[in-house]
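In this text, residue positions in the sequence shown follow the working numbering: the first is -14, and each later residue adds one.
Since the hints were derived computationally from the structure, they do not count as laboratory data.
Just to be clear, a hint being listed does not mean it is correct.
Listed next, with one range per pair, are the computed distances between beta-carbon atoms [unchecked claim]:
| id | residue 1 | residue 2 | range |
| --- | --- | --- | --- |
| 1 | 11 | 133 | 26 to 32 angstroms |
| 2 | 69 | 135 | 38 to 44 angstroms |
| 3 | 27 | 76 | 39 to 45 angstroms |
| 4 | -7 | 80 | 19 to 25 angstroms |
| 5 | 134 | -12 | 15 to 21 angstroms |
| 6 | 6 | 129 | 27 to 33 angstroms |
| 7 | 99 | 16 | 16 to 22 angstroms |
| 8 | 12 | 57 | 20 to 26 angstroms |
This one's a predicted model, so the numbers in the text were calculated from it and none came from an experiment.
Just so it is clear, CB atoms sit at the ideal spot from N, CA and C, and this is done for glycine as well.
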Amino acid sequence: MDNSPLEQLIYQEIALLDQQDFDAWQQLLCDDFHYWIPLRHDQPCPLRESSLLYEDRFLTTLRINRLASARNFSQQPRSRSLHIAQRPAISLEADGLSAHCRTPMLYCEARGDSEWHYPVTVEHQLLCLAGQWKIQRKKILLLNPSRAFESLQLII
């Protein structure tokens, strides 16, 4: 199979997140979507020990609604993001209906005159549903997960 539709999905996700078009971004997600930032690189499961972040689709939607709220004073001025990504490494499963992607990137977030940079590897689990590729799981491996986080308001 040609991997370009999967690469395009990753690049489309990045563009939508940087544009803060969260409604369009949510259309890329499976109903059982999970977003995870482990506390350690070798952490096997988000359910058995603490993580920096672990959200299902419902919690991610709440986060997006909070970001859009005019009463969200921590977002005044609003944060902006930039994802600088390498080409995704894609492994297609034998069934042709699921794939795993690893994308090294530099995530930058800015608000006011402050700026933060996070080198990460983003792992996506993708599913093909009714002929459409969707994001089922998104795992963020921070280069240094033990560092102090001053800000991480948006979605990596």
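Quick rundown of the hints versus the structure:
{"no.": "1", "hint": "11 / 133: 26 to 32 angstroms", "verdict": "holds (30 angstroms)"}
{"no.": "2", "hint": "69 / 135: 38 to 44 angstroms", "verdict": "violated (20 angstroms)"}
{"no.": "3", "hint": "27 / 76: 39 to 45 angstroms", "verdict": "violated (20 angstroms)"}
{"no.": "4", "hint": "-7 / 80: 19 to 25 angstroms", "verdict": "holds (21 angstroms)"}
{"no.": "5", "hint": "134 / -12: 15 to 21 angstroms", "verdict": "violated (33 angstroms)"}
{"no.": "6", "hint": "6 / 129: 27 to 33 angstroms", "verdict": "holds (30 angstroms)"}
{"no.": "7", "hint": "99 / 16: 16 to 22 angstroms", "verdict": "violated (36 angstroms)"}
{"no.": "8", "hint": "12 / 57: 20 to 26 angstroms", "verdict": "holds (23 angstroms)"}
When the structure is compared with the earlier hints, violations turn up for hints 2, 3, 5, 7 and for no others.
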